[in-house]
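Chains as they are written, first to last, in full-length UniProt numbering: chain D, 1 to 547; chain X, 1 to 547.
I should point out that these hints are in silico values taken from the structure, not numbers from a laboratory. For glycine and all other residues, C-beta sits at the position ideal for the given N, C-alpha and C. Treat the hints with care, since some could be wrong.
[As the list claims (entries may be wrong)] Listed below are the simulated BS3-like cross-link pairs for lysine-lysine, each with C-alpha atoms no more than 30 Å apart in a straight line:
1. X:K546 <-> X:K349
2. D:K489 <-> D:K348
3. X:K384 <-> X:K14
4. X:K489 <-> X:K409
5. D:K384 <-> X:K384
6. D:K384 <-> X:K14
7. D:K409 <-> D:K384
8. X:K349 <-> D:K409
9. X:K499 <-> X:K348
[Claimed, not checked] Residues from chain X that keep clear of chain D, each with C-beta distances beyond 10 Å, as calculated:
10. W155
11. L364
12. R425
Number of protein chains: 2
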Amino acid sequence: MLSCTPTIKPQFQKGVQDALLIRDQSLPPDSILSPPPPAELLDVTGIPRSCGLLTDWELEITEKYDATALVQGLAAQKFTAVAVLNAFRKRASIAQQLTNCITELLPEALEQAKAADDYIRKTGNTLGPLHGLPISLKEQIAVANHPTNAGFVAWVDHIVQRDANLVASLRSLGAIPFTRTNQPQSFMQLETSNNIYGVTVHPMNRSLTAGGSSGGETALMVLGGTPLGFGGDIGGSIRGPAALSGLWGFKPSVGRYSGAGVVVPWPGCDSISGTLGPFARSLRDIDLVQRAYSESRPWAEDPSLVPYPVAIHHAPAWNRPLRVGIMVNDGLFNPLPPVQLVLQDVTKKLEASPLIQVRPFEPLDHERAWQVISANYFEDGGAKIEEICAESGEELRPLTAWMIEECRKNEALVHQTIQGRKAARDEFRALYSAHWNAAGVDVVIAPVAPSTAPPPDTSRYWPYSAVWNLLDYPSIAFPASDMIGGYSKDLKGIPYNPKTAAETYAYSHYDPETAQHMPIGLQIIAKKWQDSECLAAAQVIERALKG
Amino acid sequence: MLSCTPTIKPQFQKGVQDALLIRDQSLPPDSILSPPPPAELLDVTGIPRSCGLLTDWELEITEKYDATALVQGLAAQKFTAVAVLNAFRKRASIAQQLTNCITELLPEALEQAKAADDYIRKTGNTLGPLHGLPISLKEQIAVANHPTNAGFVAWVDHIVQRDANLVASLRSLGAIPFTRTNQPQSFMQLETSNNIYGVTVHPMNRSLTAGGSSGGETALMVLGGTPLGFGGDIGGSIRGPAALSGLWGFKPSVGRYSGAGVVVPWPGCDSISGTLGPFARSLRDIDLVQRAYSESRPWAEDPSLVPYPVAIHHAPAWNRPLRVGIMVNDGLFNPLPPVQLVLQDVTKKLEASPLIQVRPFEPLDHERAWQVISANYFEDGGAKIEEICAESGEELRPLTAWMIEECRKNEALVHQTIQGRKAARDEFRALYSAHWNAAGVDVVIAPVAPSTAPPPDTSRYWPYSAVWNLLDYPSIAFPASDMIGGYSKDLKGIPYNPKTAAETYAYSHYDPETAQHMPIGLQIIAKKWQDSECLAAAQVIERALKG
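Model the full assembly from the supplied sequences, consistent with the hints where possible.
Structural data, given as structure tokens:
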């Protein structure tokens, strides 16, 4: 987890040390693991319970209550916001020591929790539908008066004056932003590694990546360190880590969540836009936050948003079986055995439901899709990332360098101008829309990633998630393997014959024994703007799988 | 009205001659003015009635019925689609001979009208909510199997295979696209002049421009040659000619009307996007077409659209007086006397209404707004326009050349990269949204143009209309001077002291005696995506003005 690379210029080294100090000093003294578990202990999910630092009540609150149950209890004054916050602060601190997942606990959260408690005690009313709920935020989502570095050493001490719009909305709903989570350098990685805070590892196996770019969020949530969190997704950065961690992660259409105040290297770069979105331990929590956020009318403050609410009850009734397309592979990369197996078992369960009509869904030229989206990510060919890194002397992380190279290669392939690359994007979107309509499906279930969590610095296959960013189709990752009771077979018994360089590369990092203990999620995709329909379909599918 | 410039390369001259032949041969033989009125006759609005070519029934149908009354009559089988179509074909032909407003009558419309009549006769049902309604279309909106040149000589014989999505939607609603209307070279003009068909002039004074870029539509409609039409607006091209002609013209938010199949010089150029929108002789006609188009669910076919309907009844009730901001000038250019006078008189009438609360609205740095939008129009600095013109040897029209120069100047001023110019755009949008919210208004009424229709080749002031394209706020032009019974004073009695170069230039082309006979429209602007609210506010304002 060493963070400071030796190349960092002296004038930036102090900033990095200060950032680490801010983080470490923010951890409650009564939450320090002493001694920490040995590095050889890979699965640390039992530590919060076994370490003895959390009371039974704290264990109960952080493990047995989802966000919906928490806001119900807080509104009923069964427990106080301060008590809930302190439980999550301690547990987040433990998670940090185990996986390096947070960048700081926010000290002001304590005052806010006290104010929430005072308010409800005096008035009998909640501050809003998320009254007293602790919420975690990916680091780039600015919090007023805190440095926000977006994973860049050069920005390590850049203090932001105003809350990001999302943070202000969450506060207005009564929620309490309480911790910020790690993200990668440049955020253009499906992992979580930077030269300030280092690498975030997977709590179920610390030799593996937590995924990314919102991997700090998921490592924290898997360890019970947050009831609800927010990340960002421009190519899979919410759905990827959610799928590798057995969590729900929702990537809405761009134009639903305000990105105002989120620190990015390239304002104005919108050939492909990312979006914020929530992580949760249950679908009802995703719906909770959607309903609440819609109530806050974020579009009044951010003119880039559409003024329409998103939540399950806003979806029109189907009045017939849900037509679910199953995309077993993307025509380029045959998923590794765990993904194949889970998708097969999920399909069988769905086929048994009278509420669902399963049909195959064929991908439409995802090779072209990847070329087009990667050619459109950087309008400056990645120059700004290199420039920001050069400013501090920090090295490009391996996956940052790989991504810049990949994008440049595809820029040259697709078109020499930004306008021409956008025309290719629009053309592909129109073709895919017609293809989807012809397939006659309401939603599609597909892999998010081709495998369970791989070792760090090897996540080089984006198309399963990124195609839906190119199309800007809403998509929700769901904990598929957990919902069907885990793998129905020994993965060692399932053969796999890699045929392409990408398959061979991923297979070389695949170990069936390791994978057997790791979850795999899938995603449910709906057409553009059908965010409510995506969530409503997820509810139907969840019932069929748990049924 | 001479079109062919001498510089056009020989191999393109035949194409131009053919285009003119197609147009002229499409005119019904019984609609030819012989002799045409003398060029010195400036106001030709009386000619359709006086020329003797139209029967009393045809005069009645084309003058006294708006689109709503026409579809009611067609649905009730009070008249046939063929009879209605023939009336408008003849009148459009007369309008063409008077103002040079169309590029062709579509011969296939006759078959479609017959089919509509057969259908309703046999089934008793309409083909849809626009059953049998003739509709005119700006030339760039592609019609299958016809050349679509978008005002460029080089494209004069480019045949398009498929209807634009809008055309397909209109057909599916029962409407009958029957004529195509003139537009300028490059469509980046607030007038209507190109080197194929020439210049479209104003039917109320043929020494003046009809406005543009959708000026073919408005010249045609003023002469009763179409009951409903469609144009496009990226800087005022719907609202401008509507305001100069006493018509309604609606520029919705981008993402409401499908632009798929509209021929433009630069696919992929979307730093600033234009949109299609309707022209009508009444607000209820605008609402008619909005309701019908929403019913056609255009978003199912075009993934760039939001899946939400737009019409008056979709606006939420205000349950309080409508808060109308009045913007008397943009802080840069004091409107000429006719505009000042109409805005004052409109304001007085609105102040007398108990349903309206009038308040001042101050513009926020429209100088910057113009810099930012013009810097963002061309992602290639206008190179593609020059290239297409060079291909055929045609000259840049004066206003095309002026616009390219203006955009290049402001590109240099705003930022050297496309990304940086878009960042400036986004920053301005956020500032204006906050400014609007702080002003506490539901809608704003403002000038569309600083004067009544000016002489050709002098329309060089875009900000009154273009600022709302930068912000992408929906806006509807309404026939303000007509609705309040014309000018309440002799314009000669109103002094004007030009202070800036732009004011001096416009004032040098201003003649109060000429202006006294020309209408002036204003626009009602709502915040982004509040398209239904914009129309609902227009209804409240219309009632207040008509008293």
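Structure-based check of each hint:
no. : hint              : result
1   : X:K546 <-> X:K349 : holds, 9 Å
2   : D:K489 <-> D:K348 : holds, 15 Å
3   : X:K384 <-> X:K14  : holds, 23 Å
4   : X:K489 <-> X:K409 : violated, 40 Å
5   : D:K384 <-> X:K384 : holds, 28 Å
6   : D:K384 <-> X:K14  : violated, 51 Å
7   : D:K409 <-> D:K384 : holds, 17 Å
8   : X:K349 <-> D:K409 : violated, 63 Å
9   : X:K499 <-> X:K348 : holds, 27 Å
10  : W155              : holds, 17 Å
11  : L364              : holds, 13 Å
12  : R425              : violated, 7 Å
The structure shown violates the earlier hints numbered 4, 6, 8 and 12.
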